[in-house]
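Chemist: Here are the chains, one letter per residue:
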Amino acid sequence: MNIWKRKDLVALSDLSVEELQFLLETARAFKGVGERDLKKVPALRGKTLINFFVEPSTRTRTSFELSALRLSADVINISASTSSLTKGETLKDTARNLEALLADIIVLRHSSAGAARFLADRLQSSIINAGDGAHEHPTQGLLDGFTILEKFGHLQGLEVAIVGDILFSRVARSNIHLLIKLGANVTAVGPSTLVPREFEALGVKVRHRIEDILESADVINLLRIQHERQHKQYFPGLNEYVSLFGLTKDRVAQLKPDCLIMHPGPLNRGIEVDSDVADGSRSVILEQVTNGLAVRMAVLYACAGGKGIVT
Amino acid sequence: MNIWKRKDLVALSDLSVEELQFLLETARAFKGVGERDLKKVPALRGKTLINFFVEPSTRTRTSFELSALRLSADVINISASTSSLTKGETLKDTARNLEALLADIIVLRHSSAGAARFLADRLQSSIINAGDGAHEHPTQGLLDGFTILEKFGHLQGLEVAIVGDILFSRVARSNIHLLIKLGANVTAVGPSTLVPREFEALGVKVRHRIEDILESADVINLLRIQHERQHKQYFPGLNEYVSLFGLTKDRVAQLKPDCLIMHPGPLNRGIEVDSDVADGSRSVILEQVTNGLAVRMAVLYACAGGKGIVT
Amino acid sequence: MNIWKRKDLVALSDLSVEELQFLLETARAFKGVGERDLKKVPALRGKTLINFFVEPSTRTRTSFELSALRLSADVINISASTSSLTKGETLKDTARNLEALLADIIVLRHSSAGAARFLADRLQSSIINAGDGAHEHPTQGLLDGFTILEKFGHLQGLEVAIVGDILFSRVARSNIHLLIKLGANVTAVGPSTLVPREFEALGVKVRHRIEDILESADVINLLRIQHERQHKQYFPGLNEYVSLFGLTKDRVAQLKPDCLIMHPGPLNRGIEVDSDVADGSRSVILEQVTNGLAVRMAVLYACAGGKGIVT
Numbered sequence: 016m017n018i019w020k021r022k023d024l025v026a027l028s029d030l031s032v033e034e035l036q037f038l039l040e041t042a043r044a045f046k047g048v049g050e051r052d053l054k055k056v057p058a059l060r061g062k063t064l065i066n067f068f069v070e071p072s073t074r075t076r077t078s079f080e081l082s083a084l085r086l087s088a089d090v091i092n093i094s095a096s097t098s099s100l101t102k103g104e105t106l107k108d109t110a111r112n113l114e115a116l117l118a119d120i121i122v123l124r125h126s127s128a129g130a131a132r133f134l135a136d137r138l139q140s141s142i143i144n145a146g147d148g149a150h151e152h153p154t155q156g157l158l159d160g161f162t163i164l165e166k167f168g169h170l171q172g173l174e175v176a177i178v179g180d181i182l183f184s185r186v187a188r189s190n191i192h193l194l195i196k197l198g199a200n201v202t203a204v205g206p207s208t209l210v211p212r213e214f215e216a217l218g219v220k221v222r223h224r225i226e227d228i229l230e231s232a233d234v235i236n237l238l239r240i241q242h243e244r245q246h247k248q249y250f251p252g253l254n255e256y257v258s259l260f261g262l263t264k265d266r267v268a269q270l271k272p273d274c275l276i277m278h279p280g281p282l283n284r285g286i287e288v289d290s291d292v293a294d295g296s297r298s299v300i301l302e303q304v305t306n307g308l309a310v311r312m313a314v315l316y317a318c319a320g321g322k323g324i325v326t
Numbered sequence: 016m017n018i019w020k021r022k023d024l025v026a027l028s029d030l031s032v033e034e035l036q037f038l039l040e041t042a043r044a045f046k047g048v049g050e051r052d053l054k055k056v057p058a059l060r061g062k063t064l065i066n067f068f069v070e071p072s073t074r075t076r077t078s079f080e081l082s083a084l085r086l087s088a089d090v091i092n093i094s095a096s097t098s099s100l101t102k103g104e105t106l107k108d109t110a111r112n113l114e115a116l117l118a119d120i121i122v123l124r125h126s127s128a129g130a131a132r133f134l135a136d137r138l139q140s141s142i143i144n145a146g147d148g149a150h151e152h153p154t155q156g157l158l159d160g161f162t163i164l165e166k167f168g169h170l171q172g173l174e175v176a177i178v179g180d181i182l183f184s185r186v187a188r189s190n191i192h193l194l195i196k197l198g199a200n201v202t203a204v205g206p207s208t209l210v211p212r213e214f215e216a217l218g219v220k221v222r223h224r225i226e227d228i229l230e231s232a233d234v235i236n237l238l239r240i241q242h243e244r245q246h247k248q249y250f251p252g253l254n255e256y257v258s259l260f261g262l263t264k265d266r267v268a269q270l271k272p273d274c275l276i277m278h279p280g281p282l283n284r285g286i287e288v289d290s291d292v293a294d295g296s297r298s299v300i301l302e303q304v305t306n307g308l309a310v311r312m313a314v315l316y317a318c319a320g321g322k323g324i325v326t
Numbered sequence: 016m017n018i019w020k021r022k023d024l025v026a027l028s029d030l031s032v033e034e035l036q037f038l039l040e041t042a043r044a045f046k047g048v049g050e051r052d053l054k055k056v057p058a059l060r061g062k063t064l065i066n067f068f069v070e071p072s073t074r075t076r077t078s079f080e081l082s083a084l085r086l087s088a089d090v091i092n093i094s095a096s097t098s099s100l101t102k103g104e105t106l107k108d109t110a111r112n113l114e115a116l117l118a119d120i121i122v123l124r125h126s127s128a129g130a131a132r133f134l135a136d137r138l139q140s141s142i143i144n145a146g147d148g149a150h151e152h153p154t155q156g157l158l159d160g161f162t163i164l165e166k167f168g169h170l171q172g173l174e175v176a177i178v179g180d181i182l183f184s185r186v187a188r189s190n191i192h193l194l195i196k197l198g199a200n201v202t203a204v205g206p207s208t209l210v211p212r213e214f215e216a217l218g219v220k221v222r223h224r225i226e227d228i229l230e231s232a233d234v235i236n237l238l239r240i241q242h243e244r245q246h247k248q249y250f251p252g253l254n255e256y257v258s259l260f261g262l263t264k265d266r267v268a269q270l271k272p273d274c275l276i277m278h279p280g281p282l283n284r285g286i287e288v289d290s291d292v293a294d295g296s297r298s299v300i301l302e303q304v305t306n307g308l309a310v311r312m313a314v315l316y317a318c319a320g321g322k323g324i325v326t
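Protein chains in written order, with this note's numbering: chain Y, 16 to 326; chain B, 16 to 326; chain W, 16 to 326.
Same shape as in the complex, but just chain Y (with noise of 0.2 Å):
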């Protein structure tokens, strides 16, 4: 009957279209449940989450700590900065003394792209990769992809850009996983330095005017600009990829009525995108927020071997 076997989830490209189905309908079971007064549900009582964060995020340590809650799990925080485990402690060994504290689950944020798989080949807690470097970043994208079903109903045919830096992003990358196997079609969108022809062999389009997907497009999802850690040499200034790229009120006026607008967080109005237009009817952003929950105590449910039925 359950379809999920699996104790990790380190990348949306290991995933079946049936996995993913799954792990989209028990995050709607749940999203019922954040919608009563009150939120928490027992199915994780007794066991121990530990969100170990080796590069910063509170938006996505703060989601994974209220969706461990909710589930009546126990959380403790590690981050980088304080965290002796990594003080001349090479990852195998971090690993290692983390499962020997007897964690059932492990929330793992680093640096590194393939540092969740390394911890899941090697642990036997479940591990949930909550970005790694510029690999993946799998529930941002089923967060993702669960706002867009909810709105359209469907995933199957729509046609859906994905604007900005794509070459560094994890975000991007989980999406577009997740979106052409529930049968959507993606264009990624930037320019050529951020979105280099290569991404086709994803099965993406690529385009480098964002002209090209404006009257088409049923869901824009503008990533978020890393002024701070871009390698400047792949980058236009700030005002060119406004120009260029921005999602701007004339280019809004270009869009299907219905076409969601979506940004991972944090904005930087003015720049993905207009201030108006981030507050304005099309946008999703703050629902994707609300989503991120059901959606991660879906995903910490299935791999933690919740049992029977989400009341």
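Keep in mind the hints are simulated off the structure, nothing from the lab.
A couple of the hints might just be wrong.
On the chain B side, residues computed to face chain Y include the following (Cβ under 8 Å) [claimed, not checked]:
1. Gly61
2. Ile91
3. Ile93
4. Arg111
5. Asn112
6. Ala115
This structure is a prediction, so every number in the text was calculated from the model and none was measured.
Every residue, glycine too, gets a C-beta built ideally from N, C-alpha and C.
Start from chain Y and add chains B and W according to the hints.
Modeler: Below, chains B and W alone, put in the same frame as chain Y:
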């Protein structure tokens, strides 16, 4: 029956006499809970509280966290230094993101006056002001009032002196609003740069010599001198402050026998107050800390819609 | 029946043989709990533990936090870097403020020897020493003793060598007190600057050549070399240390077949110990981490007055 209808506690200036009395009476019931061996009640089981401290304060954060745990709520902490919620975001965006996380209660400490009101007006969550700039720190005002009430049995007609940096103090403002509403006579004492005549508009007397209040005071509340952040131009040197306003043993000798000495902590021993005086029989400084738990339990309970009697 | 009457665990030098045995036996019961699918027992439900770490240690903090959660206690963390409890306060003031918060248990890590005793003498809360300067780290001593006991079934008559910086090591002191009381023969091994003859007063043998203990040792406990904080004048260069005291493969070849290799972590691979040796069949380094949970559960349970049997 229950006269408390608010979802938020933003400022004591908002509250009626009846509302203030309701919170103080509820706090009395919760103080009894803190004296039990088992200090936990199920009043907020299944509710989630986010401690969102954009300005650091271990002391206040810890007090709210313990209070919430004793009410069986789930608590998560977000601090400014680690928060990507605030990175490049307006307070409005931060507020909306917190709402999207479906927290029942958000405890906010923020350096800007008005930040708590801003959130309270925009979010469905209960907002508890844990200090906003120089505006208010309502739970500190309540715990100070509670402590005085516990000792004297009433506030009506008491002479309360607040000494120090009134101009920049949210603690002073919250104290003044509560004390005047509940019938105490308040005198603000300090150098004219920090206690300008304009304070009389709040209904307090203004004095620039501590000697003026020593013989008449029933309560002396000493504000913490904030060396690090005070505007230099407003402030005399530390030695001059001690000689003019420090509560020394000689000055204590002039007090009424049952005059209470209060301080919101942390103490600068030898500055606001002599070390022996701080540890003496008149000092209720540590009782203030304990009472902070009872008062915060009462506030969380009232605002989050705790049902029925405290058990 | 229950021979444990203490509210605190400050130092293993305080404990009788019977008290040490009681904690080790209680830990054995709790180790069984950790092997269950549901690792949680209600023993300390409703009790509050404050992890107060004035000196950072993710590893020890995490272990105490997990142990307390498995006993169903509520846990809050206060770290030095963020603590206004310590800003301009004496340890005495900090202690009193913690007491005023009505915590049942305070776990203290502090850079000053004697800090835990100071609090234990002044507070009604249970004080658990999580390391105080170079004095003691009693739960580390207990978990090391527990690990040896688990392998050999007894400590009486075993030859235990502790290698490295004994002079500045609280781990060494706690180990020495426990091992000698329970009948082991202890040899302290290291350069004469770090292992002076004066240690013989504690009842241990002193050796300055690791070769002297290789053939006779039943257990070798390798202390972590603390490059960053060690006084340079006491310490040879790293290369010289490795060549004189590092546990290399060549040296391991001279050990008894069942000699245990221990290390409190985190490892400096290639310094205290060869990487292959640390991962080899004699190494119980990760079991020490797991046993830390059982031992800390036992200590918290005993000091906080856990009633009845472990279930």
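Chemist: Look at each hint and say if it fits the structure.
Modeler: To see whether the hints hold, each was checked on the structure:
no. : hint   : in the structure
1   : Gly61  : holds (4 Å)
2   : Ile91  : holds (5 Å)
3   : Ile93  : holds (6 Å)
4   : Arg111 : holds (6 Å)
5   : Asn112 : holds (6 Å)
6   : Ala115 : holds (4 Å)
Against the hints set out earlier in the document, no violation occurs for any number.
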